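Colleague: Chain residues, written in single-letter form:
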Amino acid sequence: MASSWKDNHALFLVVVGTLAWLVPGAGHFAIDERRRAYVIGVTILLTFLVGLYVGSIGVIDPVGAKPWYAAQMMNSPAVFLLGRHVTAVNRQAQAETRQESAVVPYAVYGRPNEIGQIYTSIAGLLNLLCIVNAIYMAHLQSIGETDG
Amino acid sequence: MTPALTSILAGFTVPMRIDTDPASMLWLLPLVVAIAVVYKATKVDKIKASAFVRETAVLIGSILVFIVVAAIILHGVAWFVTEQLPGLRGGSSF
Numbered sequence: 001m002a003s004s005w006k007d008n009h010a011l012f013l014v015v016v017g018t019l020a021w022l023v024p025g026a027g028h029f030a031i032d033e034r035r036r037a038y039v040i041g042v043t044i045l046l047t048f049l050v051g052l053y054v055g056s057i058g059v060i061d062p063v064g065a066k067p068w069y070a071a072q073m074m075n076s077p078a079v080f081l082l083g084r085h086v087t088a089v090n091r092q093a094q095a096e097t098r099q100e101s102a103v104v105p106y107a108v109y110g111r112p113n114e115i116g117q118i119y120t121s122i123a124g125l126l127n128l129l130c131i132v133n134a135i136y137m138a139h140l141q142s143i144g145e146t147d148g
Numbered sequence: 001m002t003p004a005l006t007s008i009l010a011g012f013t014v015p016m017r018i019d020t021d022p023a024s025m026l027w028l029l030p031l032v033v034a035i036a037v038v039y040k041a042t043k044v045d046k047i048k049a050s051a052f053v054r055e056t057a058v059l060i061g062s063i064l065v066f067i068v069v070a071a072i073i074l075h076g077v078a079w080f081v082t083e084q085l086p087g088l089r090g091g092s093s094f
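Residue numbers (our numbering), protein chains in the order written: chain A, 1 to 148; chain B, 1 to 94.
Only chain A is shown next, with the shape it has when bound in the complex (with noise of 0.2 angstroms):
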């Protein structure tokens, strides 16, 4: 019988690797890597949030920019109720000037726009790569519990 749920081992990966997506570094933190996970937390929502001041929430665009809102959204599912705020709010301001062209309130264009979107986007794929390095050493840590 299971004496603790890190014995059952795919869902203790499941549990690490969605604690890692819901807050960077939050899935080091569920495996005891507490300094990591600190590192890894702040440095990826320090660069999440400078992109972000950059460019504007604007730069989150699930229309118009989807392969980078595919790399945002690796930070956190509230990218995704960012992304989902910004489109209400501007689809809303085209409906009340009934044009597509409408200049919207969180348009972005230019230098501010590519930086912000580097930044959130790298900041996601960072976080890919420890949601990947979390569950990998939590692998490691059943492991070496089973073996030992």
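To be clear, the hints were calculated from the coordinates, so they are not data collected in a lab.
Here the structure is a predicted model, which is why all the values come from computation and not from measurement.
Cβ coordinates follow ideal geometry from the N, Cα and C atoms, glycine included.
Everything hinted at is true.
To give a feel for the contact side, a few chain B residues facing chain A, derived at Cβ under 7 angstroms:
| no. | residue |
| --- | --- |
| 1 | Phe12 |
| 2 | Trp27 |
| 3 | Val37 |
If you want the footprint, here are the derived chain B segments under chain A, 3+ residues with CB under 8 angstroms:
| no. | segment |
| --- | --- |
| 4 | 15-24 |
| 5 | 40-52 |
Label pairs and their in silico Cβ distance ranges:
| no. | chain 1 | residue 1 | chain 2 | residue 2 | range |
| --- | --- | --- | --- | --- | --- |
| 6 | B | Ala57 | A | Leu128 | 22 to 28 angstroms |
| 7 | B | Pro30 | A | Phe80 | 23 to 29 angstroms |
| 8 | A | Pro105 | B | Asp19 | 20 to 26 angstroms |
Model the placement of chain B on the given structure of chain A, informed by the hints.
Modeller: For chain B alone, coordinates are given in the frame of chain A:
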């Protein structure tokens, strides 16, 4: 909500003004630092401050050197194609 917090949050709804000039390339530096820190955080066995900072600094330096070398090579290729090649072929390359 305090005015300071409101001001900070409002900053996330309006893009910064960044000109398209060579200085804007400096925005790559914080990104290189972030990439090096996270990559090293996933690679080292144990995170100890001094060793971690040293290894991260080496990686940041390596990335920057590679970027500079790549930029010089690409600049040389662009210079050759746009400035030298037309003269050799007796006309414009475009």
